[in-house]
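Visitor: Could you put the whole structure together from the sequences, leaning on the hints where they help?
Quick note on our numbering: the sequence shown kicks off at 56 and runs consecutively.
Treat the hints loosely; a few may be bogus.
Per label pair, the in silico range of CB-to-CB distance [unchecked claim]:
no. : residue 1 : residue 2 : range
1   : V273      : R214      : 16 to 22 Å
2   : G157      : V342      : 50 to 56 Å
3   : A269      : P343      : 17 to 23 Å
4   : S174      : A278      : 54 to 60 Å
5   : A86       : P343      : 19 to 25 Å
Taking lysine to any residue pairs in the SDA-like style, the calculated list, with each CA pair at most 20 Å apart, reads [to be verified]:
no. : residue 1 : residue 2
6   : K322      : Q300
7   : K322      : S89
8   : K322      : C289
9   : K118      : A264
10  : K322      : I288
11  : K118      : L129
12  : K322      : E242
13  : K322      : T87
14  : K118      : L107
15  : K322      : P79
16  : K322      : V293
17  : K322      : T239
18  : K322      : G296
19  : K322      : W232
20  : K322      : R299
21  : K322      : Y294
22  : K322      : L225
23  : K322      : L237
24  : K322      : L297
25  : K322      : L247
26  : K322      : H85
27  : K322      : V162
28  : K430      : A420
29  : K322      : E243
30  : K118      : T130
31  : K118      : H266
No wet-lab data here; the hints were simulated from the structure.
Even glycine gets a Cβ: it sits at the ideal position worked out from N, Cα and C.
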Amino acid sequence: MKRIEYIDLIRGYALVCIMINHVPGSVLSHATISHLAFSDAAEIFVFVAGWLVGSIWLRIAAKSGAPAARRRFLTRAGELYIAYLVGAVGMVGLSVLLTRIGFAHDVVWSGFADRMAQSPFAFLFDVARMFTQPNLADVLLLYVAVMLMSCAVVPLLIRWPLVTLAGSALMWYNAGWLNGLLPTEREEGGFLFNPFGWQMLFFTGAAIAIHGRALMSVLRPHAGAVTGAATVICAAGVYYGLGRQIPAIGDSATYEAFRGLLGNLDKWSLDEVRFVGLLAMAWLAAVPGREVMDRMATSRAGRTLSLVGRHGLPCFILGVMLTVVGDALNTAAGDGVAARLGTDILLTALLVGAACVLQARAAAAQAVRARVRAKPTPAVARPGRDTA
Numbered sequence: 056m057k058r059i060e061y062i063d064l065i066r067g068y069a070l071v072c073i074m075i076n077h078v079p080g081s082v083l084s085h086a087t088i089s090h091l092a093f094s095d096a097a098e099i100f101v102f103v104a105g106w107l108v109g110s111i112w113l114r115i116a117a118k119s120g121a122p123a124a125r126r127r128f129l130t131r132a133g134e135l136y137i138a139y140l141v142g143a144v145g146m147v148g149l150s151v152l153l154t155r156i157g158f159a160h161d162v163v164w165s166g167f168a169d170r171m172a173q174s175p176f177a178f179l180f181d182v183a184r185m186f187t188q189p190n191l192a193d194v195l196l197l198y199v200a201v202m203l204m205s206c207a208v209v210p211l212l213i214r215w216p217l218v219t220l221a222g223s224a225l226m227w228y229n230a231g232w233l234n235g236l237l238p239t240e241r242e243e244g245g246f247l248f249n250p251f252g253w254q255m256l257f258f259t260g261a262a263i264a265i266h267g268r269a270l271m272s273v274l275r276p277h278a279g280a281v282t283g284a285a286t287v288i289c290a291a292g293v294y295y296g297l298g299r300q301i302p303a304i305g306d307s308a309t310y311e312a313f314r315g316l317l318g319n320l321d322k323w324s325l326d327e328v329r330f331v332g333l334l335a336m337a338w339l340a341a342v343p344g345r346e347v348m349d350r351m352a353t354s355r356a357g358r359t360l361s362l363v364g365r366h367g368l369p370c371f372i373l374g375v376m377l378t379v380v381g382d383a384l385n386t387a388a389g390d391g392v393a394a395r396l397g398t399d400i401l402l403t404a405l406l407v408g409a410a411c412v413l414q415a416r417a418a419a420a421q422a423v424r425a426r427v428r429a430k431p432t433p434a435v436a437r438p439g440r441d442t443a
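Guide: Right under this line is the structure:
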């Protein structure tokens with residue numbers, strides 16, 4: 056499947072935002088999408104992941120059949136689970152190391168580090184069976200869940216899109232009590248990122264990938280009205296975000312009334328406002344803003360950031376580790392804005408640099424494979440024949 060550059064750019068931007076937003080005291084986090092919209096980078100990444108699953112499923116199914124597509128995503132679910140184990144254990148292990156050498160930090164709950172130091176095998180067992188889900192890495196379990204769901208849901212989306220999305224919405228509506236049935240050590244049970252809620256966003260992205268042309272044939276005649284509505288929603292999201300950062304806005308009676316109208320925008324089960332806000336951003340980026348996105352993706356900076364999205368899983372794991380390091384650095388540096396800004400820049404540079412290394416290795420491996428395929432096979436004379 057030919058890569059779409061602006062999709063990689065969006066994924067790369069989301070991964071950098073996820074890392075920066077989790078660093079306590081971050082300066083650049085105030086300029087990320089999380090502080091300027093109803094939704095944040097997590098919604099972007101899940102929606103795009105669903106879109107990619109829908110696109111890749113169609114390609115594999117057309118070439119090798121639906122069973123091959125199902126095997127591909129079952130394998131991917133396994134890869135994500137392994138990545139969760141590596142990320143969770145590596146992050147907590149790093150936390151133990153930083154604590155022992157005197158770097159205070161709190162982005163990782165200290166109880167995880169204590170349990171790993173005191174009873175490592177019991178801790179690893181609880182992490183492996185998903186009873187204990189260390190923060191930062193726990194979002195990968197959401198991806199494991201939706202990837203497994205996709206093996207059953209995507210074929211239904213292809214054949215009966217409206218009925219399937221209605222079923223997805225029904226699951227979303229009941230997400231709270233369904234999540235509580237999952238046995239974890241959280242007092243309320245379930246995953247922090249409720250898979251029964253977030254699957255709605257994931258499969259909406261998949262449905263758009265599968266039925267995008269039919270959808271656009273319906274929406275294109277009304278593109279002006281849809282763009283206007285999306286702009287209003289995104290502008291309201293900016294106002295919502297600014298009010299959380301600027302007291303002059305947040306303390307006003309108008310903003311208080313606005314917040315009262317919205318209610319509590321629950322991230323963990325995916326509030327409806329966050330869902331609609333993400334769809335509004337997606338429309339503006341994909342339709343009126345498509346040319347701008349393409350230009351950004353093909354710029355030098357855009358191509359570099361796109362590498363983070365292209366190597367999303369290893370970059371996410373590295374971002375989790377760098378978040379812990381960034382917290383330790385900011386804690387040691389104190390309240391200095393310049394030092395905290397320096398931490399943001401350092402972490403971003405390390406993440407992008409790692410993506411460049413991964414891309415160079417992938418390109419080298421691809422070149423080797425190409426040379427092997429191009430190498431002519433020498434003719435072998437058959438025994439008992441005159442080869443003169």
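Visitor: For every hint, state whether the structure bears it out.
Guide: Hints and how they fare:
1. V273 - R214: 16 to 22 Å: holds, 19 Å
2. G157 - V342: 50 to 56 Å: For V342 against G157, whose Cβ atoms are near 53 Å apart, the range 50 to 56 Å holds.
3. A269 - P343: 17 to 23 Å: holds, 20 Å
4. S174 - A278: 54 to 60 Å: At 59 Å between Cβs, range holds.
5. A86 - P343: 19 to 25 Å: Holds, at about 23 Å.
6. K322 - Q300: Distance ~18 Å between K322 and Q300 Cα, so the pair holds.
7. K322 - S89: Holds. K322 to S89 sits at ~11 Å (cutoff 20 Å).
8. K322 - C289: Distance ~17 Å between K322 and C289 Cα, so the pair holds.
9. K118 - A264: With a Cα-Cα distance of about 17 Å, the restraint between K118 and A264 holds, given a limit of 20 Å.
10. K322 - I288: holds, 18 Å
11. K118 - L129: holds, 18 Å
12. K322 - E242: holds, 18 Å
13. K322 - T87: holds, 17 Å
14. K118 - L107: holds, 17 Å
15. K322 - P79: holds, 19 Å
16. K322 - V293: holds, 17 Å
17. K322 - T239: Distance of about 19 Å is within 20 Å: holds.
18. K322 - G296: holds, 14 Å
19. K322 - W232: holds, 16 Å
20. K322 - R299: Holds, at about 16 Å.
21. K322 - Y294: holds, 18 Å
22. K322 - L225: holds, 18 Å
23. K322 - L237: holds, 18 Å
24. K322 - L297: Within the cut-off at roughly 18 Å; holds.
25. K322 - L247: holds, 10 Å
26. K322 - H85: holds, 18 Å
27. K322 - V162: Measuring from Cα to Cα gives roughly 19 Å; hence the hint holds.
28. K430 - A420: holds, 16 Å
29. K322 - E243: Measuring from Cα to Cα gives roughly 16 Å; hence the hint holds.
30. K118 - T130: holds, 18 Å
31. K118 - H266: holds, 18 Å
Hint compliance for this structure: every hint is met.
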